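Residue numbers (full-length UniProt numbering), protein chains in the order written: chain L, 1 to 139; chain A, 1 to 853.
Calculated from the structure, these hints are not laboratory results.
Note that the coordinates shown come from a computational prediction; the quantities given were computed from them, not determined experimentally.
Backbone N, C-alpha and C fix where the C-beta goes; we use that ideal spot for every residue, glycine too.
Among the hints, erroneous ones may be present.
Just so you have them, the derived chain L footprint on chain A, three or more residues with Cβ under 8 Å [said to hold, decoys possible]: (1) 126-138; (2) 550-556; (3) 820-826.
Computed cross-link-like contacts, BS3-like style, restricted to lysine-lysine with a CA-CA straight-line distance of at most 25 Å [unchecked claim]: (4) Lys-340(A) with Lys-570(A); (5) Lys-103(L) with Lys-480(A); (6) Lys-682(A) with Lys-709(A); (7) Lys-570(A) with Lys-605(A); (8) Lys-103(L) with Lys-371(A); (9) Lys-340(A) with Lys-480(A).
To spell it out: a stretch of chain L is covered by chain A in this simulated footprint if at least three of its residues, at any positions, have a beta carbon under 8 Å from a beta carbon of chain A; those stretches are [claimed, not checked]: (10) 42-55; (11) 59-67; (12) 81-92; (13) 100-108; (14) 121-133.
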Amino acid sequence: MTTLTLSPVEEAPTTSRAVVRPGMLPTPGTRQWIVACPVSRLVPGRGVAVLLPGSAQAALFLLPNGMIYAVGNLDPYAGAAVISRGLTGDRAGDPTVASPLLKQVFSLRTGVALDDPEVALPTYAVRVQHGTVRLGLPR
Amino acid sequence: MSTPENPTGTPTRTVVVIGHGMVGHRFVEALRSRDTGSTWKVTVLSAEADAAYDRVGLSSYVGTWDRNALALSGNSYAGDDLVDLRLGVRAEHVDRDTRTVTTDDGDVIAYDDLVIATGSHPFVPPVPGHDSAGCFVYRTLDDLDAIRLAAESAIERAAAEGREANGLVVGGGLLGLEAANALRLLGLTPHVVEFAPRLMPLQVDVGGGAVLERLIGGLGVNVHTGAGTSSIATQDDGRLAVELSDGTALLTDLVVFSAGVRPSDAVARAAGLDVGERGGVLTDIACRTSDENVWAVGEVAAVEGRCYGLVAPGYTMAEVVADRLLGGDATFPGADLSTKLKLLGVDVASFGDAMATTPGALEIVHTDATKGTYAKVVVSDDARTLLGGILVGDASAYTTLKAYVGREVPGDPGTLVSPAGIDDSALGSALPDDAVICSCNNVTKGSICGAIAEGACDLAAIKGCTTAGTTCGGCLPTVKKLLVDSGVELSKALCEHFEQSRAELFEIVVSTGIRTFSGLVARYGTGTGCEICKPTVASILASTSSDHVLDGEQAALQDSNDHFLANIQKNGTYSVVPRMPGGEVTAEQLIVIGQVARDFGLYVKVTGGQRIDLFGARVEQLPAIWQRLVDVGMESGQAYGKSLRTVKSCVGSSWCRYGVQDSVAMAVDLEHRYRGLRSPHKIKFGVSGCARECAEARGKDVGVIATDKGWNLYVCGNGGQTPAHARLLVSDLDDETLVRYIDRFLMFYVRTADRLQRTAPWLDALEGGLEHLRAVVCEDSLGIAADLEAAMDRHVAGYQDEWKAVLDDPEKLSRFVSFVNAPEEADPTVAFDESGPRKVPVLLGLPTIRENV
Ligand SMILES: Cc1cc2nc3c(=O)[nH]c(=O)nc-3n(C[C@H](O)[C@H](O)[C@H](O)COP(=O)(O)OP(=O)(O)OC[C@H]3O[C@@H](n4cnc5c(N)ncnc54)[C@H](O)[C@@H]3O)c2cc1C
């Protein structure tokens, strides 16, 4: 098992923002921050999968406008960990990802399946610091 | 360009053109195509090292960084001996007495007539520090390269310092906002400083400017209006400290000046030609300067004292001078300065008397703060005649409204900007026949409706016979409306991001040379795309070039299958299919396939297309699998793509006692020729060596069946959900003609079919059906055969194995991991059940409860 880097919360000074902006702001309260990858590793418009502690998985996306979002990687319709390999885009301006298997479309902001509001992917807070992307987990 | 020989054999006169910009090029083209007697020899001097390119589309260079994509067609005059184009050569001096031009490389060129087409250069206000390192202008490809370099190093520096990199644009006009968008695309946070109290002061009024500022501000552009730039000073850390007249100080990584342009009239001034009050080479309405053998066209010309900063009037001037040189008497009719554009995704349009300067003019305004729209029409004092208007946020009514300028509006003009949105449907049909719909090419409603009456039934046909919509495309919605009004059913928009069909987008890509999705959606669509339009555009881009499908921005457009060059299966693993052309495989290759399957634990199945499918590979295993297959001379079978799948064949005359032709050799040749061709849907072939048809070729998109005289060609069949028998296109072809016809057929299909439309429904929908298809393919009835063949030749020449290209490219290779933060880890959710007769994937439970963290 690869060791995942966990780092304690360190509130970033407000001035040190990078060009890329996290799409989901962290909710108040302490959390663990998992190092995902350098921003430069992300291809705009595509996703990567991130392994989380306890074998959960997140799908992390950089959109061409610089926003970064993270949602669950498990496709709830197919039961396979594939969301990170879906195509991004928007529906009426809402950023989306479509499952590569049966093409259900999910909001990257809320995780909700747009044609089936009962179903949703979990969403994760994202932070970019010194060129490194981290995902926030509830403690 | 073919020009008949002049009776005396050699041209008698020489015209020298200074400047090879958009207008200079247009002049040369106009002269050469009309000078059927070859009376003129042309020498063109171009200070830029690039031959004429699309400066209007300059901003689309950002991201592609492909100079060729912007080249104007025909700009090298290849094969035309009468044009001598000298790139990177500047005209230094004109001697009107001896009629010579001296160049900066010391050449002296004699002219009979001289055309000055030197355009404009950006105006840089003389603020202290304006020439510091890090200050740029926005006019040429070289300028953009320089900005890019600076932006990239700024981003690096900023990232190291843990801050945002930013850039400042001086000037909030049309070009300034384009420059700001370019900075944004480069990854900088843009600031715009505009001296006037609003953005785009020349085009929009105070109200429109306010809405525009809000919309643009909402997109992350920081706007500072009503402020001048007082000084620029370089700091110790290399950044620039910019002080504004209102006391604001900004720290920025780079500055782009976009504060207007000035005519490049220095050479003309030095030659003693008259210039306009505000600069520019003064001409009469024939574009003739104060010297009867010297002409001026484009942005440098001050026609009767007035300069025009748009390309369309320049083109008209070019045509006028070409006509004059050939003895005509054309004059410059003045120009329409209306503008419609999309800046950072925000529609802005202004037309006619937008500022209501006509005495007694009345303005009717509607602002919707929630929707972010501003609409104003200017009408005459009796509220009847439309004089002009401004639209911000939604400019869909632009073409129709503009066509009404100077005419009486039917009904209450207030409804033109009613809160219900502008209802231009009634207006469209009420337009008089002489109203101009396409102002780029001056096409009236009458000629468009005439074309529809004569049978033009879609946008492509109307464009073809009237040229409407072929330049900026802005009038296409109105043209479409005219079509719909006339009762013509139109093909569906691709998706919410593109109103166009796949075939229309294909045409746009081919004719504009736009090579990126972002460029295409910015100019012809809305939003950021989706799982429908992205793969469609990816396929069009792949059909029109030989770039690897994972190169640059294209990587982000590919469906998961094309992204990983393998077929995704229900548990997220992939299947791998090496190509076996015509079903042929060597013993050595079969052994390696077996070893690969064993070593990686893959499930093996023989496909219907005479090849072998290996199931259950995880993303991170793909490259290792490919490497072993590539090592024994195998390559990708593109089973994952909407592209040529297989060419199935029977064993043919070399082994079979009934065979009359060598079907295997033909199948292998065809598969090698068309492998990798991206298309609207998958394409399958079959080749049978005799009429017994063991390859089931008539169930394929292209079926080839041997006869004793050659080959019969069948097209547009398929198996699958709605089986269709292929239909006989033509009989008894020799090998060479067969290949040529298949080239034409496939390219014609690739260019004109809808997304996911297989060949059979495509043929059903094709007007004129099989007869028409036969005429196009076998008789070249549309005159496009050479073009289709050339496109196929380019495809064949550019083919590369997609697997090998990834194996050779460490950057692409690095994407083949299950987890970005644990590249060595296998995905723990992937599991198989091997207890039954065959290996099958096991899926996870399906959580459907929302569990937001
Ligand atoms: C970013 C941008 C966006 C634009 N958008 C639009 C738009 O949406 N719509 C529109 O209508 N217009 C637009 N324009 C304006 C349009 O590009 C110009 O009107 C058009 O290019 C003018 O053509 P031209 O041939 O007169 O000049 P140019 O295209 O400037 O060409 C002049 C050429 O002459 C060369 N030259 C100058 N002096 C010499 C010399 N002494 N010897 C040899 N060569 C010389 C220059 O280097 C240059 O290459 C835009 C311009 C820019 C920069």
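Taking the hints in turn, this is what the structure says about them:
1. Coverage of the segment 126-138 of chain A by chain L is violated. Counting CB-CB distances below 8 Å, 0 residues qualify, and the rule asks for three or more.
2. Using a Cβ-Cβ cut-off of 8 Å, 3 residues of the segment 550-556 of chain A lie near chain L, which meets the minimum of three, so the contact claim holds.
3. Counting residues of the segment 820-826 of chain A whose beta-carbon sits less than 8 Å from any beta-carbon of chain L gives 5, enough to reach three: the coverage restraint holds.
4. A hinted pair counts as satisfied when its Cα atoms are at most 25 Å apart, and Lys-340(A) with Lys-570(A) does not qualify at roughly 48 Å.
5. Of the supplied pair hints, the one linking Lys-103(L) and Lys-480(A) is violated, its CA atoms being roughly 31 Å apart against a limit of 25 Å.
6. Of the pairs offered as hints, the one joining Lys-682(A) and Lys-709(A) is violated, with about 30 Å between alpha carbons and a cut-off of 25 Å exceeded.
7. For the proposed pair Lys-570(A) and Lys-605(A), the alpha carbon gap of about 16 Å is at most 25 Å, so the pair holds.
8. Only pairs whose Cα atoms come within 25 Å are accepted, and Lys-103(L) paired with Lys-371(A) is rejected, the gap being roughly 31 Å.
9. At most 25 Å may separate the alpha-carbon atoms for a hinted pair to count; Lys-340(A) and Lys-480(A) meet this at roughly 18 Å.
10. A stretch counts as covered by a chain when three or more of its residues have a beta carbon under 8 Å from one of that chain; for the segment 42-55 of chain L and chain A the count is 9, and the coverage holds.
11. Under a criterion of three residues with beta carbons nearer than 8 Å to beta carbons of chain A, the stated coverage of the segment 59-67 of chain L is upheld, 5 such residues being counted.
12. Coverage of the segment 81-92 of chain L by chain A holds. Counting CB-CB distances below 8 Å, 10 residues qualify, and the rule asks for three or more.
13. Counting residues of the segment 100-108 of chain L whose beta carbon lies closer than 8 Å to any beta carbon of chain A gives 4, which reaches the threshold of three, so the coverage claim holds.
14. With a cut-off of 8 Å between beta carbons, the segment 121-133 of chain L has 7 residues touching chain A; three or more are needed, and the interface restraint holds.
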